[in-house]
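**Student:** So the chains spell out like this:
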Amino acid sequence: MLDFFNSTQSIHAIIIVGSMALFFIGFYGIATQKNLVKVLVSFDIMESALFLFFIGLHYKVGLVAPIVDDKTKTFTGMVDPVPQAMILTTIVIGLAILALGLSFGIEYYKLTGRNDISKMNELRD
Amino acid sequence: MSLGYYFLLPVIFSFLTPYFKKLGSFTLRGSSILLSFILFVQSIAYTTMKLPQISQFSIKPPLGIAFVLDGYSLLFLLIFTFSAVIVSFYMLWYFKVNPKRDEARFYVFFNMLIAGSIGMILSCDIFNLYIFFEIVGICSYTLSAYNKDKLGLESGIKYLIIGSIASIFIVFAIMLIYLQIGTVNLGLIAQRFHEIDPKISVLIVLMLFIGFGTKAELFPMNFWAPDIYQGSISSVNGLFSSVVAKAYLFVFFHLFYLFGLSSKYMLFVMVIGAITFLVSEFTALNQTNVKRLFAYSTLGQLGILFMALSTNSSETVSGALFHLTSHSISKLLIFLALGILIHHLKSTKISIFGDFKSRFLTIIFAIGFLSILGIPPFSGFVGKILILKGFALSHNYSAIAFILLVSIVEAVYFFRLTAMMLDKKGTKRVVHVGFINYILLCVLAALIVIFGLFPSLLIHYTDLAANALINPTDYLKFALGVGL
Amino acid sequence: MNSIFLLLNILPILFLYQFGGDLHVSFSLTKDFTLSLIQTPLGTFFAYLSLISFLLVTVSQKSKKLSCNYYALQLLLSFAMLIIVLAGDFITFFIGWEIMTWSSYFIISKSNNIDIKSLQKYILFSLASAFSLIAAIVISYSFANSFDFATISASFKSMPFDIQLTLIILFSLSFFTKAGVIGLHYWVVDTYSKAPDLFSSILSAVMSKMGIYGLFLIYGNIVGYQELKIMFGTILNGTDFGYTLAWIGVATSIIATFKAITQDEVKRLLAYSSIAQLGYIIAVIGFGTTYGVAGALYHTLIHTIIKLLLFINVAAIIAQTGKNRFSELGGLIYRTPVSFVMLLIGIIGLAGMPPLGGFASKFMMYNAAINTKFALILIGMLFSGAASFLYCYKLVYGIYLGHPTSKGLETQKEVPLSYLIPQIILALLLVLTGAFPGAFVKVINPILTQFSLKALPYDGVGIMDSAVGNFNGLFIMSAFVAFFVLILLLISRIKSKAKNNINRFDISYCGEVPSKDTSLHYGFGFGTELHRIKFVNAILKRSTATFYDALALQTKRSSELLSRMYYGNIHNTMIIILLFFSALFFIGVNS
Amino acid sequence: MIFQIILLIMLAYVVGFIYFGLYRNILARIQGRYGPTIYQSFYDSIKLFSKKNTVNYGWMFYLGPIIMATGAVLTLILVPVFSDSDFLRSATSQGNLFVLLYLMVLGPLGNALAVGTGGNPFGVMGVVRGLTRLIGLELPFYIAVVGLIIAANSSDIVHIIDMQKTGGLNIINHPLLFIAAMISMVGFFGESPFDIPGAPQEVYSGPRTEFSGKFLALLMSQGSLFAFAKLVLIIDLFLGGADSLWMLVLKTLAIFVTIIFIGVVYGRYKVEQAVDFLMKIPTLIALLGLARVIWFG
Amino acid sequence: MESGFHGSDLDSSLKCKLEESGMANTHAIMEKAVNWFRSRSIFVVAYGTGCGAIEMPPTFTSRYDAERMGVVGVATPRQADLIILSGYLAYKTLRRVIRTYEQMQRPKYVITLGSCPINGGMYWDSYNTIKKLDDYIPVDVYVTGCMPRPESVIEGFVLLQERIKNGEKAGWQKYDENLKFYKDNQKRVLGGHIDPSYETDWYNLENGGVA
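Protein chains in written order, with this note's numbering: chain A, 626 to 750; chain B, 2 to 485; chain C, 61 to 651; chain D, 13 to 309; chain E, 17 to 227.
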C-alpha cells in the first residue's frame, strides 16, 4: 500500500492534484477577494502552487538532491538541478514583488484608509 | 565591450546611487547622463559591426547564459539607449523645477529599467528573459508610483497586480516548456518547439500570449494601461510608451517568430491588434485627461504594430519597425513636451492645450501629432506607407481600409488638440520651455523630420531588423552556440 | 515682408518658365520610393494657374499686417501645389497633397473667426480625402509594383475589373472631397467662410482646382479616356462613366446653387457658388471628348479668375467695413465704386454672360454635352446657370446696392490699392478671355494631345469654333461696347433733366417717408421665396450636416460606450484577463 | 452691315410698338372696351422722353436701363430675321443660340442693378420675384431649345432654319417642345399667369417702380425691340423663319396673339405657384418632347 | 447735395440757350408737338382720398374706358403725370398727398373731384380736414359734384387735355414759382408733423433750399 504511494507516478499525481488545488485556491482568491493583502496572498498561493508543481514533477523516487560535495564522484542519481535553481530565483522575485506590493499597500492605506482594490478608481477620466 | 555591460553598468550605477547621492546631485545626474550616453554610443558602435554578436557568461550556450545581439535587437537597443539619453537629460530640468523630489530613487529605478529592458531584448535564455521581465516590472511599478500620492500609489498597485498575473502566466509557460523540452535556451526551444504535444503547445502559446500581451497592452488585457499612464510623471510615461511597451512587444514577436508561430497565429494576432487599434482610438475620443489620451494613442499605435508585425512579410515588418521607431521618438517628444506643459499649468485636463502660449511648443506638438498620424514629410508617413505597401503587396486590402479608417478617428482627437493650441480665444499663459528642453525637443523634432525626408537612413536598420526577425537562422546559430 | 514674399512667389514662375516644359527631376527617397517631377502640359497649365493666383493674392495681402510664418506657410502651400501638379509618381503627388493639407490647415487656423469645429471639419475631410487617395495608391501599387504614373497607367488595363472600379471610386472620392462634390462638401462652406478672408480666395480658386487636376490625372492620364470607354461602355454618344459623373456634377451644381441663394454670409454664398461651379467642371470632365476636356479646362481657368476676383473683392470689403453679412452691408456703391465695378465684372463672368469669359467656358461645356447628346445634363447645367443669376444678384445687391444697413457704411472709403490692383488685373483677364476666346485653344491643344484627343480647331483669336455652332467673342464684345456707348450718348442728349445725387431715401413708399431706421435693404429677405417652392424646398431643407452630425454623435456615443471598459477597476480587469485566457484556452484546445 | 443693323432696329422698334398697341386694343376688346389707338405706345414713349425731369439715383441707376437696351439690341441683331435672304442678318453668324439664351438675361440683370441702386425695396422684391420666376420659366424653354439643338445637332439658328426647309417645320416635328416653349414665352412676355414681378397690387410696379421719364421710355422701347426679337426667335426655331416681310408679320403676329390670348384668360400665379407649375406641366411636356427627339428623332 | 430743382430756372436757361442758337422757332413747333403727345398720353395715379374713390374704377374700366383717350392708371407717382384726388383731405392725408405730388415728375397735373377740395364742402367746419386744397398744392382742374359721375370725370380729363395741348401754364409751374407760399401753407396746417421733403428742403428755403 505504502509502496504505491512511494512510486513516482503516484507522487506526481498527488503533487499535480495538490498543486492544482492550491492553484485554484489562489485563483479563487484573486477572483473574489478585494482586499489588497488577500489578493497579494492569493498571488503567492498561486505562485507556490506553481513551484510545488514544477519541483514535484522533477522529483523521481530514488534520486537524491543535486548537492555536490567532495565525496561525490558521479553525477548520476540526482534530480535535475535547473528547476530548483529557477524556482529559487522565482521565489526571490516573488518575494520582492510581494514586499513592494505590501509597501505600496501600506502607503496607500496610510493616505486613504482603504485597501479594497475594487474601490481604487481615482484614476479615471 | 561585452554585451553584458549593457546590463552590468546600469546595475552597478544603481547600486552606487546612494554613494553618488552623498557626493551631490550633480554627480548623480551627471553620472546617469554619462552612463546612458556611454550605452548609446556603444549601441551606435554596434551598427558598424558584423551582426549577430554574442557575449557568453562562463559556459557556452545552449547550456550557459548568453546575450545575443542581432539586427532586430540592435534597432531596439538604439531606441532604448537613445530614449535613456533623452530622458536623463530631461530629468535635469525636471529636478531643477521640482527640487524636493527624491532623485536617487528615480535614478536607481530608471537605470534598472533601462538595464532590464536591454536585458530582455538581448537575452537568449527564456528564464533570464523572465528575470529581466520582472526587473523591468518592478522598476516600472516603482516608477509609476514615483509620485507617492494617491494616484501614483494606485497606479503602482494596479500595475503590480497586473504584472503579477502576467508573471504567473509566464512562469507557468516557462515551466511547461522546461517540462516538455528540458531546456530554457531560446535556440533549443525554437528548434524543438514543434515536437511538443499540440495541446500543451497551445497552452504554452496562450500563456505566453497572455503574459506578454498583458504587458504589451493588447486589447482585452489593457484596461489597466491608461491608469498607469495617468498616475505617473510624464517622463516615465515617455519611457513606458517608447521603451517598456516596446520591449514587451519585442519579446512578443521575437518568440512569435522564433517558435514558428507566425503561420498558425498570424490572423489571430492581427485581429487582436486591429481590435486594440480600433477600441483604443475610439476610446481616446472621449478622454478629457491628456495623459490618458496619449496612453490610448500609444495603445492604438501598438495595435497597428501588432497588425503589421505579425504579417511574416519582411516588407511590412520593416515598415512596422520604421513606424515603431518613429512612434517611439514622437511619443517621447509628446510626453516630454507634455511634462513641461503640465508643470506650468498644473493640470492634466485636456484644456491645457488651449491655455498655453508658446510657439515653440505648438510647433513641437504639431510635428509630433502629424508624425504619429503619418502625414508627410514626417517620419510617421514613411512608416505608415511602408506598412500599407506591405499589406498591399500581400493583397490584404481589408487591413489597409481598416488602418486608414481608424486613422481618421485618430486624427479627430489629435487635430482637436492642435486646433485648441491654435485657437486664439481665451486667456493664454506663456510657457517657458527652458534651454535643455529646447535642445532636447529640437533634437527629437529634427529626427522626426530627418527620418521623414531621408528615410533611407533608418530603413537600412529596419530592413536588417525585419530580416533578422523573420529569418532567425543566424540568431539561432548564435543562440545555440554553433557559430562560436 | 510682403515684398520679400512677393519676390519669392515670382521665383517659381520664372523657374517654371526657364524650364519651358522640359522639367524632369528625380530623387531617390528610399530604395522603393523615387520621387520624380515631370512637367506635362496639364501640369504646366495648373502650375501657372496656381502660381499666378498666389502672386496676385500676395499682392493683395500687402495691406494686411501678416506675420512671417503666415507668408512662409503660404509659400509652402504654393510649393506643395507645385509638387502636386509636377509630380511624376504617386508618392510625390501624395507628399505634395498632404503638405498642402496641413499647411493650409495652419493658415486657416490663423483666422480670427475660426472655431475648432470648422477646423476639425476641414482637416478630417482633407484627411479622409488623403487616406482615400493613399488607399488607391497602395492598391494600384500592389498590381503595378511601382508608384510611377506611367507604370501604373500601363498596368491598369491588366487589373481585374473590380479593382479598376475600386481604384476609380477611391481616387474620385478623394478628389471629389477636395473639389467639394455635394455630399462631401460639408467642410467646404464652413472652411471657406471662416478662413482668413484673402486665403479663402486661394482655397476656392486654387486648392479646389487640385481636386480637378487629380481627376484629370486619373481619368486622362492614369486610366485614360479610351480605357474608360472600354471599361464602362457607352450611352447615347458618350460613355456610361461620363454620364454618371455628369449627373454627380449637375446635381452638385444645382443643389449648391440653391443653397447659395439662401445664405446670409457673403463668403458662404461664394463657397456654395464655388461648389456649384466645380460641379460644372466635374459634369464634363468624364465625357472624354475634346470639348468635354476643353470645357473643363477652360472653366477651371475662368473659375479661378472669377473666384480670385470675387474673394479678394469681398475680403477687401470685409476688411474695410468689418461686416460679413448681407444683412449688415449694403449701399456701398457710391463709397467704393471701383470695387463695385470689379465685383460686377466678376458676377457677370460668374453668371456666364456673353461679353465676358464666363460664357466662352460655359459654351464649350454645353458643346460637349451636345456632342454626346446628354440633353438632360445640358438642361441641368443651363438650369443651374439660370438659378445662379439669383445669387449673383444677391451678391452685388447685398453688398453694394440698396441702403446701408449698419452704421459706418455711409462714411466708408474706397478699399486700398493693393486690393484693387489684383482685381483690376483679373477683371482685365476676364474681359480678354471674353473677347478672345480663341486664344485659349492654343493653350488647351497640347493638353488634348496629351490625353490623345482630337485638337480643337482654331479660327482666329476672337472666335470660338465648334462643330455645333460658333461665336465671335470679339464681335459680341465690341458690339456690346458700341451699342452701350451709342445708347448712352443718345440718352444723355435727351433734355429730360436727370437729377443726380437725389437723396437715397426719396423713394416711392406709398406716400410714407422712410428714414434711416426703416428697413429698406432686402438683403436678408432674399431667397425666402425659394422655401415656398416645393422642389427647391426639398433641396434646401435637406442638409448633409444632419448625416455628418449624426455620424459624429454616434462615434462619440460608441466612444463613450467603449471608454466605460476603461474605468479602471483592477479587479474586473484581472477577471477579464483570466476569462479571456480561459476562453482562448478552450477554443485553442478544442480546435 | 451698320446700315442693316440700323434698319433692323428701326423695323423692330416700329413693329414692336405697333404690336403693343395692338395688344392693348385686343385686350380692350376682350374686356368689352374700345381701347386706345394703335399708336398709343408711341405717344406714351414720346411723352416720357419729353418729361421735364427724371429722377436718378446715381450712375448705376443711369446705366442700368442702357445695359438692358444694349442687351435687347444685341439679341435683336443676332437673330436672323429672314430665312432665305441674308438681308437684315449680317451679324447672326457671330453668335449662336446659347449666346442668345444668355443675352436674353443680360438685360434684365443690368436693369436689376439699376433697381438695386434705386434702393426701393419694392423694386428689388420685383427683381427677386422676376429672377425666381426665371428659374421656372427657363426650364421648359431650355428643354425645348436643347431638344431642337440636339435634333439639328447645331446651335446655329440659321442651320436650324435650314433644317426646317428640308425636314418640315419644327412645330410639326416637335409639337411638344413648341407647346413648352410657348408656355415659357407667355412668361417671357410678362403675361398672366406669370406676371408676378410687376404686380401693382403688391409691389407698386415691381422693378420699374422708380423709373420715370426717359428711363421708363428707354425701358419701354427696349421692351418692344426685345419682344420683336423673341417673336422672331420663336418663329425661327419652330416655324421655319419668314421668307418675306408679310410672312414675318403674319407669323410673329400669330405667335403674339396666341400669347395674348393665353395671357388674358388667366389669373396671376404667386411666384412659387408659377415656378411649381412651370416645373411640372410644361417641363413634363418638354421632357416628353425631348425624349422623342433623343430616341426617335 | 445739389441744389433743389427750380423749374422756372431750368426753363429760362433752356430758352436762352435755344434762342442763342436761333432755334426758338423750331423749339416752339416742337413744344407744340410734344404738348400734343402729352395730352394724348396721361398716366394717372388715382389717390382715393374721399368718397370719390368709388367713381374711379368705372372711369377706367369697360363702361367708360378712359384708356381710349390715352389715360391710363399707373402704380407709382414716379411714372404718373396726373394725380386725381377724389374728395375731402384730412390733414393726415394731405401729408401723403404732398409727398406723392412732389415725387411726380414734371410736367404734372392735379385733378380733384367733388366740392370738398374746393371749399371744404360738407366738412366746412371740420377740425381735421383742409378747406381749400389749392392753398397746399396747385389744382389744375376741379371736377364738381358730390360726387361727380364718371362722365364728369372724363369731362375733366378732356378739359385737362385741352389745356395741355394749348400749352397753358399749369399748376406745377405755379408750385415751382410760389414754392414758399405753398410750403408755408403746408407748414401751417401740418405743423411739426410734416415730413422732410427730400426734393426741396423747405425748412431752409431762404438758403436756396439746400437740404
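Check before you lean on any hint, since a few could be wrong.
[As the list claims (entries may be wrong)] Simulated pairs of lysine-lysine, BS3-like, Cα-Cα distance not exceeding 25 Å: (1) K124(C) to K425(B); (2) K203(E) to K147(E); (3) K383(C) to K473(C); (4) K97(B) to K347(B); (5) K426(B) to K383(C); (6) K190(E) to K48(E); (7) K282(D) to K555(C); (8) K601(C) to K64(D); (9) K91(C) to K426(B); (10) K735(A) to K151(B); (11) K663(A) to K149(B); (12) K555(C) to K48(E); (13) K433(C) to K64(D); (14) K289(C) to K514(C); (15) K151(B) to K350(B); (16) K735(A) to K429(B); (17) K64(D) to K181(E); (18) K425(B) to K735(A); (19) K170(C) to K429(B); (20) K282(D) to K594(C); (21) K177(D) to K594(C); (22) K147(E) to K555(C); (23) K203(E) to K576(C); (24) K203(E) to K555(C); (25) K61(B) to K97(B); (26) K122(C) to K433(C); (27) K190(E) to K203(E); (28) K292(D) to K282(D); (29) K663(A) to K151(B); (30) K177(C) to K383(C); (31) K514(C) to K425(B); (32) K425(B) to K383(C).
[Unchecked claim] Covered stretches of chain C (in silico footprint by chain A; criterion: 3 or more residues with CB under 8 Å from a CB of chain A, positions within the stretch not fixed): (33) 250-258; (34) 631-638.
Read the hints as simulated data drawn from the structure, not as lab findings. Even for Gly, the Cβ is constructed at its ideal location relative to N, Cα and C.
**Student:** Are the hints correct? Go through all of them and say.
**Tutor:** Consistency of the hints with the structure:
Our distance criterion of 25 Å between C-alpha atoms is met by K124(C) and K425(B), whose separation comes to about 18 Å. Between K203(E) and K147(E) the CA atoms are separated by roughly 15 Å; this keeps the pair inside 25 Å, and the hint holds. At most 25 Å may separate the alpha-carbon atoms for a hinted pair to count; K383(C) and K473(C) meet this at roughly 14 Å. Using a Cα cut-off of 25 Å, the hinted pair K97(B) and K347(B) holds, with the two alpha carbons roughly 16 Å apart.
Annotation: proposed proximity of K426(B) to K383(C) holds, straight-line Cα distance about 20 Å (limit 25 Å). A threshold of 25 Å between alpha carbons decides the hint, and for K190(E) with K48(E) the separation of about 20 Å falls inside it, so the pair holds. Among the hinted pairs, K282(D) with K555(C) is inconsistent with the structure: their alpha-carbon atoms are about 40 Å apart, more than 25 Å. Distance hint between K601(C) and K64(D) is unfulfilled; the C-alpha atoms sit about 51 Å from each other, more than 25 Å.
Restraint check: the Cα-Cα separation between K91(C) and K426(B) comes to about 46 Å, which exceeds 25 Å; the hinted pair is violated. Straight-line distance between C-alpha atoms of K735(A) and K151(B) comes to about 10 Å, which keeps the hinted pair within the 25 Å bound. Using a Cα cut-off of 25 Å, the hinted pair K663(A) and K149(B) holds, with the two alpha carbons roughly 22 Å apart. At roughly 16 Å between alpha-carbon atoms, K555(C) and K48(E) fall within 25 Å of each other, so this suggested pair holds.
For the suggested pair K433(C) and K64(D), the alpha carbons sit about 56 Å apart, so the restraint of at most 25 Å is broken. Using a Cα cut-off of 25 Å, the hinted pair K289(C) and K514(C) holds, with the two alpha carbons roughly 16 Å apart. For the hint linking K151(B) to K350(B), the alpha-carbon distance of about 18 Å falls within 25 Å, and the restraint holds. For the hint pairing K735(A) with K429(B), the CA-to-CA distance comes to about 39 Å; that exceeds 25 Å, so the pair is violated.
This hinted pair checks out: K64(D) and K181(E) have alpha carbons roughly 16 Å apart, not beyond 25 Å. A hinted pair counts as satisfied when its Cα atoms are at most 25 Å apart, and K425(B) with K735(A) does not qualify at roughly 45 Å. A hinted pair counts as satisfied when its Cα atoms are at most 25 Å apart, and K170(C) with K429(B) qualifies at roughly 16 Å. Distance restraint check for K282(D) and K594(C): the Cα-Cα separation of roughly 13 Å lies within the 25 Å cut-off, and the hinted pair is therefore satisfied.
Restraint check for K177(D) and K594(C): the C-alpha separation of about 42 Å exceeds 25 Å, so the hint is violated. About 38 Å separates the Cα atoms of K147(E) and K555(C), which puts this hinted pair outside 25 Å; it is violated. As the CA atoms of K203(E) and K576(C) are separated by approximately 23 Å, the hinted pair is consistent with the 25 Å bound. Between K203(E) and K555(C) the alpha-carbon distance is near 33 Å, which puts this suggested pair outside the 25 Å criterion.
At roughly 47 Å between alpha-carbon atoms, K61(B) and K97(B) are farther apart than 25 Å, so this suggested pair is violated. Restraint check for K122(C) and K433(C): not satisfied, since their Cα atoms lie roughly 49 Å apart, outside the 25 Å limit. Proposed proximity of K190(E) and K203(E) is supported: the alpha carbons are some 18 Å apart, at most 25 Å. This hinted pair checks out: K292(D) and K282(D) have alpha carbons roughly 15 Å apart, not beyond 25 Å.
Proximity of K663(A) to K151(B) is assessed by CA-CA distance (about 20 Å); at most 25 Å being required, the pair is judged to hold. Between the alpha carbons of K177(C) and K383(C) the distance comes to roughly 22 Å, so the proposed pair stays at or under 25 Å and holds. Restraint check: the Cα-Cα separation between K514(C) and K425(B) comes to about 54 Å, which exceeds 25 Å; the hinted pair is violated. Straight-line distance between C-alpha atoms of K425(B) and K383(C) comes to about 20 Å, which keeps the hinted pair within the 25 Å bound.
For the stretch 250-258 of chain C, the stated coverage by chain A is violated: 0 residues have a C-beta nearer than 8 Å to a C-beta of that chain, whereas at least 3 were required. Against chain A, the stretch 631-638 of chain C contributes 5 residues with a C-beta closer than 8 Å to a partner C-beta. That satisfies the three-residue criterion, and the hint holds.
Violated hints, in rising order: 7, 8, 9, 13, 16, 18, 21, 22, 24, 25, 26, 31, 33; the structure is consistent with all others.
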